[in-house]
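Novice: Once you know that position 186 of the sequence shown is 218 in our numbering, the rest is easy, because the numbers rise by one and skip nothing.
Derived by calculation from the structure, the hints in this document are not laboratory data. Quick caveat: nothing in here was measured; it's all calculated off a predicted structure. Ideal Cβ placement from N, Cα and C applies to all residues, glycine included. Hints may contain errors.
Calculated lysine-lysine pairs in the DSS-like style (CA-CA distance at most 25 Å, straight line) [what the hints assert, rightly or not]: (1) Lys291 x Lys335; (2) Lys116 x Lys128; (3) Lys128 x Lys263; (4) Lys217 x Lys421; (5) Lys344 x Lys297; (6) Lys107 x Lys217; (7) Lys298 x Lys337; (8) Lys344 x Lys291; (9) Lys298 x Lys344; (10) Lys217 x Lys61; (11) Lys263 x Lys297; (12) Lys297 x Lys337; (13) Lys294 x Lys335; (14) Lys107 x Lys61; (15) Lys335 x Lys128; (16) Lys335 x Lys217; (17) Lys217 x Lys263; (18) Lys107 x Lys128; (19) Lys61 x Lys123; (20) Lys344 x Lys294; (21) Lys61 x Lys298; (22) Lys291 x Lys337; (23) Lys263 x Lys335; (24) Lys316 x Lys263; (25) Lys128 x Lys115; (26) Lys316 x Lys217; (27) Lys316 x Lys61; (28) Lys294 x Lys263; (29) Lys456 x Lys421; (30) Lys416 x Lys217; (31) Lys123 x Lys344; (32) Lys111 x Lys217; (33) Lys337 x Lys456; (34) Lys419 x Lys456; (35) Lys297 x Lys61; (36) Lys421 x Lys128.
Beta-carbon label-pair distances, calculated as ranges [said to hold, decoys possible]: (37) Pro418 x Tyr165: 33 to 41 Å; (38) Glu90 x Gly370: 49 to 57 Å; (39) Arg129 x Gly455: 22 to 30 Å; (40) Lys421 x Asn296: 45 to 53 Å.
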Amino acid sequence: MLSLSHIRKIYQLDEYEPYEELLQSEYTKPVSILVPAYNESAGIYGSIRSLLSIEYPEYEIIIINDGSTDDTLEKLMDKFQLKKIHRVYRKQLESKRIRGVYQSAIYPHLVVLDKENGGKADALNAGINCSRYPYFCSLDGDSIIERHAFLKVLKPIIESDDEVIASGGSVRIANGCDIQNGELKSVGLSNNPIVLMQVIEYLRAFLTGRVGLSSNNLLLIISGAFGVFSKRWVVEAGGYTHTVGEDMELVVRLHRYVKEQKVNKKIIYVPDPVCWTEAPDSLKYLRRQRKRWHRGLFESLWKHKRVMFNPKYGSIGLFSMPYFFFIEFLGPLVELIGYLLLIVSLFTGSIQIQYALLFFLLSLIYGSVYSMAAVLLEEWSMEKYPKVKHFTTLFLMSLTETLWYRPLTVIWRVEGMIEAIFGKKGWGEMVRKGVSND
33 MLSLSHIRKI
43 YQLDEYEPYE
53 ELLQSEYTKP
63 VSILVPAYNE
73 SAGIYGSIRS
83 LLSIEYPEYE
93 IIIINDGSTD
103 DTLEKLMDKF
113 QLKKIHRVYR
123 KQLESKRIRG
133 VYQSAIYPHL
143 VVLDKENGGK
153 ADALNAGINC
163 SRYPYFCSLD
173 GDSIIERHAF
183 LKVLKPIIES
193 DDEVIASGGS
203 VRIANGCDIQ
213 NGELKSVGLS
223 NNPIVLMQVI
233 EYLRAFLTGR
243 VGLSSNNLLL
253 IISGAFGVFS
263 KRWVVEAGGY
273 THTVGEDMEL
283 VVRLHRYVKE
293 QKVNKKIIYV
303 PDPVCWTEAP
313 DSLKYLRRQR
323 KRWHRGLFES
333 LWKHKRVMFN
343 PKYGSIGLFS
353 MPYFFFIEFL
363 GPLVELIGYL
373 LLIVSLFTGS
383 IQIQYALLFF
393 LLSLIYGSVY
403 SMAAVLLEEW
413 SMEKYPKVKH
423 FTTLFLMSLT
433 ETLWYRPLTV
443 IWRVEGMIEA
453 IFGKKGWGEM
463 VRKGVSND
């Protein structure tokens, strides 16, 4: 209900908000766009093309080649005519050795760092060290950004007089969209049911969960695919740490740090600016992604366990942390036990079939209605999927989620929980096909 109220309040923001004035305003903050890239050859060119065409008065693009073993660096050098330069930068955060700094002869505000492999967090720390501006944005190497997205995501920061120290935008699925040379020509949907269910899942997560949490400054995650941060506060908090869920861990640590400093700062989510990213289109890679996300959730919660139920940290300690632990982390285990008990009880005759069927139908209806509500909210307010066919497809697919997709994600998240408990590390291999037609 909080999400619905907030989204309707900013409905059709483009028609009323003077974004053109922000382009000329002296208060608009310059921003460094950091793009960590490890074996992103398939999509990196389209992503950079989309960044070069954004409407924002002053920005720099820093691509961090994190020891790629494919031709990512070679493609960048060829496409953007990179030349090696000597650039002095302040090492405020620890990172692996920088092997070289390159600048584009075509676009002077495009810089590429070539460094030893250290993981995404290490790459972002290196990018922060090299950045020149007071705010930075972290973007995935396979993402396509909308033209006005930066004006929208930075507007709350510009207007808050530094009260807002981090702002995140929406992430949508690019599979099925028509993207030419890094520009979104038209929004489309994939024919793959696995991808369609992720579209619905993203709509539900961003348009309901994050909006509701953000409106009360309870947000514990800004997606690593699209988020803007105050460099000063991130550096003071210690930068990114080497965890599987480095994006969530940083947000939790920022909340913790500002509470310990006893200052009033906000971390918010802005639903309108959109970044389009490639989603896994097979069960194999989707399973790896969900297990990794759940391990990242556990790492962040465990690393900051002293915040849990601690009144010193206000609503973050008394509400957000317990919510993410009991509902987001333990929830899949409780749900899986419920599935198993239901099956066992049917064979042992320890439950009444009528009641079991009624509760099953209740679960089916609740889950489907929740998903359908997110689709309806998107159509009602955001209107990113303009065709009636898109809306109908998503609406009908949402009815099937409880039957097959949700049980699969529950099993994978429990697997991730087990891996987290036994200390498994690493991301696991993910194959990128690229979403832009170069």
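Novice: Does the alpha-carbon distance linking Lys291 and Lys337 stay inside the 25 Å limit?
Specialist: holds, 15 Å
Novice: For the range 22 to 30 Å, tell me whether the beta carbons of Arg129 and Gly455 fit it or not.
Specialist: Holds: the Cβ-Cβ distance is about 28 Å, inside 22 to 30 Å.
Novice: Assess, step by step, whether the Cα of Lys111 is no farther than 25 Å from the Cα of Lys217, and give holds or violated.
Specialist: Roughly 22 Å between the alpha carbons, so the hint for Lys111 and Lys217 holds.
Novice: Take the C-alpha atoms of Lys128 and Lys263, compute the straight-line distance between them, and say whether it is at most 25 Å.
Specialist: holds, 19 Å
Novice: Tell me if the straight-line CA distance from Lys416 to Lys217 falls inside 25 Å.
Specialist: holds, 12 Å
Novice: Take the C-alpha atoms of Lys298 and Lys337, compute the straight-line distance between them, and say whether it is at most 25 Å.
Specialist: Holds - the C-alpha atoms of Lys337 and Lys298 are around 21 Å apart, at most 25 Å.
Novice: Check the hint pairing Lys263 with Lys297 against an upper bound of 25 Å on the C-alpha distance.
Specialist: holds, 14 Å
Novice: So if I understand the rule, the pair passes when the alpha-carbon distance is 25 Å or less; does Lys61 with Lys123 pass?
Specialist: Judged against 25 Å, a Cα distance of about 22 Å means the pair holds.
Novice: Would the hint linking Lys335 and Lys217 be met if the CA-CA limit is 25 Å?
Specialist: violated, 42 Å
Novice: CA of Lys107 to CA of Lys217, is that 25 Å or under?
Specialist: Holds, at roughly 24 Å.
Novice: Is it true that the C-beta distance of Glu90 to Gly370 lies inside 49 to 57 Å, as the hint says?
Specialist: For Glu90 and Gly370 the Cβ distance comes to about 53 Å; the hint holds.
Novice: What's the verdict on Lys116 and Lys128, does the C-alpha distance respect the 25 Å limit or exceed it?
Specialist: holds, 19 Å
Taken one by one, the earlier hints fail for this structure at numbers 10, 14, 16, 17, 24, 26, 27, 29, 31, 34, 36, listed in ascending order.
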